[in-house]
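Can you make the complete structure from the sequences, with help from the hints?
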Amino acid sequence: MSGAFFNSPSSLSRRGFLVGAGALSLAACGGGGGGTSGSAGKPVGQADIDKAMKTPTQLTFWTWVPNIDKEVALFEKKYPAVKVKVVNAGQGTPQYTKLRTALKANSGAPDMVQIEFQAIPTFTITDSLLDLRPYGASALKSTFVDWTWGQVSGSGGEIWAIPQDTGPMGMLYRKDIFDQHGIQVPTTWDEFAAAARKLHKADPDVYLTNLAANQVAAWHGLLWQAGGKPYVTSGKSDITVSVDDAVSKKLGEYWGTLAKDGVIGVEPDFTDAWYAALNKGKYATWLTGAWGPAFLSGSAKATSGKWRAAPLPQWDAAKPSSGNWGGSTTAVIRSTKNPIQAAVFAQFLNSDPTSAKMFATEQFFFPATKPLLSEASFLADAPAFYGGQKVNQVFADISAQVDPAFQWPPFLDRVATDWTETVGKSLADKTDTVRALGSWQSRITTFAKSQGFTVKGG
Amino acid sequence: MATTTTAVARRRHGTAGALFIAPFMVLFLLLFLAPLGYAAYLSLFQEKLIGGSTFVGLDNYVTALKDPQLLKGIGRVALFFVIQVPVMLLLALCFALALDSGLLRLARVIRLGIFVPYAVPSVIATLMWGYLYGPDFGPFAQISHDLHLPAPHFLTDGWMLGSLANIVTWEFVGYNMIILYAALRTIPAELYEAAAMDGAGAWRIAWSIKLPALRPALTLTVLFSVIGSFQLFNEPKLLMSVAPDVIDSSYTANLYAYSVAFISQQTNYAATVSFILGLVIVIVSYAFLLTANRRRTA
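Protein chains in written order, with the working numbering: chain A, 1 to 458; chain B, 1001 to 1298.
Simulated from the structure, these hints should not be mistaken for laboratory data. Bear in mind the structure is a predicted one, so any value in this text is a computation, not a measurement. A hint or two may mislead.
Using C-beta positions, here's what the derived DEER-type ranges look like [what the hints assert, rightly or not]: (1) G235/A x K1072/B: 36 to 42 Å; (2) W1159/B x Q91/A: 28 to 34 Å; (3) A1182/B x G92/A: 41 to 47 Å; (4) F270/A x G1057/B: 41 to 47 Å; (5) H1145/B x G92/A: 30 to 36 Å; (6) K1072/B x Y275/A: 32 to 38 Å; (7) D205/A x L1090/B: 39 to 45 Å; (8) T188/A x A1119/B: 52 to 58 Å; (9) L1211/B x F295/A: 54 to 60 Å; (10) G1057/B x P56/A: 48 to 54 Å; (11) D176/A x H1145/B: 19 to 25 Å.
Heads up, the beta-carbon is just placed ideally off N, CA and C, and yes, glycines get one too.
As structure tokens, then:
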């Protein structure tokens, strides 16, 4: 409720207008879009690329990455004819919402866009991204970590985006709290559960970890590690949903029991209270992506020197694996008038050695390219926040253990909200999490069917 | 001769009037009626991720009227309206009468103090209250902790509507107070003098003169509150991030319309939900006006 004056019927009409602007374009898209995905398109010759890169061009790039102008400047230096306008249209979901509106309105969409791995299918389902194969992207395959390439590839072999940074999951832990209570760093989930009970019993104000009841990304990462294949798409309209299969149930049983017994926290993350909790030692670990170490050292300064990094505990210690949480890519919007320049930009930005390295040293992104992940100076970095531990080395090793076959659904926003309202809620309310998985499954299935998908699995 | 001049003048007058009104009419048509009409048109279609857009007539309305999430959301804001608005308006009325009585010291400072929360954007107000409500490190929880009392559960299922009502009341008491206070200032002082001559005390004057004179202003504030309550959005949307297990995506009807449009990508159904919400607001407002008028004429 905002000011009553401004809230009278006029705001209804404002909303109506937005919705209106949306559907206009739907009608427009409906005609042209379908059926084009899957075909590789004609390769663009080097002569055409050279010519295009010398033609004065203005490109627009939507991204939320701070100080990315530095990397963009490298591109502009190499291709002086091409100018890139960097626009911050919000981070993650707010940006996607604006992008969808612009795409539907057929006006105002950028040429290139920052997009997270998990959001790619929600834009390919509407035929909004440009397949980068004709512009030489296939040649980059060996440069990027295998599983990241799997994330940007379509079912017909399309290359929808170029990876920029990643978030293979590991465990950051408070060495001082572990030492104080005689807890060994858990290497299996069984040890982890035992440690959670022991720690909370010894000090009721401290929990071994927090599994945020609003953070489906963490759940997906843990599911990924456990070998789950929750969403498998084949063709455009077929999807297999299995978020309550045996692997999911194992995960639900494990975390649901810990939550129900009150030996882990379940509070929402990235809130004031959660930051305070990390600063004040309420949680002894944070299960997070490889971007976590840099993030934490900025947001829990009070705890410098007390943290260490380790791999996630394992289900099967003989076959170590991990999942991914976070990371993003650069994609090209299909409606661009300058596909060559835009595609070259997306590739240069993320694969040019200087530019890619800059992301690691300026933005502290965790790299997606193989050369950087094995570079001695990157691996040798030993921040004081982690007591001089070579944290990058820990996560670089983890990155090699991520299963490349994990897929995302074409309606992730809805799936995420449904998770929070079923599984997340069961964690927070200490009710039956395995049962909640069933509700999640049926909600996704109902929605997918209502959207015209053929749904299998369960 | 004289008649023709008048006629010409009158005609000129007519064009001038139309010209004065034109900018309003253009904006009204473009920004109000056209989008509203377009949203109505949209609500007759259904668009799917696979299969595109099809005309479905009133199907969306039939679905919406049976949609438990929408009905629950409307019910929740109705409950909110019934409890929060009387409390807020009563407080606003008390403040307005107290300020108008002229008995308060530092009246200007107090008036400003009550009004200031309205100047705080609701987003910031909600973030602030969300912090204050915090079960671990919020000040209320800290104080209870120091006193070895259990922390109050402001963000749990049972308390949430009350916590939201508190935020909205905090924000809008001053706003409503200003409207009522302004209405009080328009009452001619002679009325008070006459009443005093007839032996009326301060309470009697407040009851018999001030309150009846406030009736139109009160009607106005209630109408604003109907619209505001039923459109409740910012506060629950923001508190959702600190209490995701309590506030879901259909907690209020307006929040539901938003999630349908931007999370489920069902713009057509969102248009339908918005229309029904608008209709509910019109009906409640009209019902209130009708009862208020009847009481006045009776």
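Here is how each hint holds up against the structure:
| no. | hint | result |
| --- | --- | --- |
| 1 | G235/A x K1072/B: 36 to 42 Å | 37 Å, holds |
| 2 | W1159/B x Q91/A: 28 to 34 Å | 31 Å, holds |
| 3 | A1182/B x G92/A: 41 to 47 Å | 45 Å, holds |
| 4 | F270/A x G1057/B: 41 to 47 Å | 44 Å, holds |
| 5 | H1145/B x G92/A: 30 to 36 Å | 35 Å, holds |
| 6 | K1072/B x Y275/A: 32 to 38 Å | 33 Å, holds |
| 7 | D205/A x L1090/B: 39 to 45 Å | 42 Å, holds |
| 8 | T188/A x A1119/B: 52 to 58 Å | 56 Å, holds |
| 9 | L1211/B x F295/A: 54 to 60 Å | 58 Å, holds |
| 10 | G1057/B x P56/A: 48 to 54 Å | 52 Å, holds |
| 11 | D176/A x H1145/B: 19 to 25 Å | 23 Å, holds |
In summary, this structure violates none of the numbered hints.
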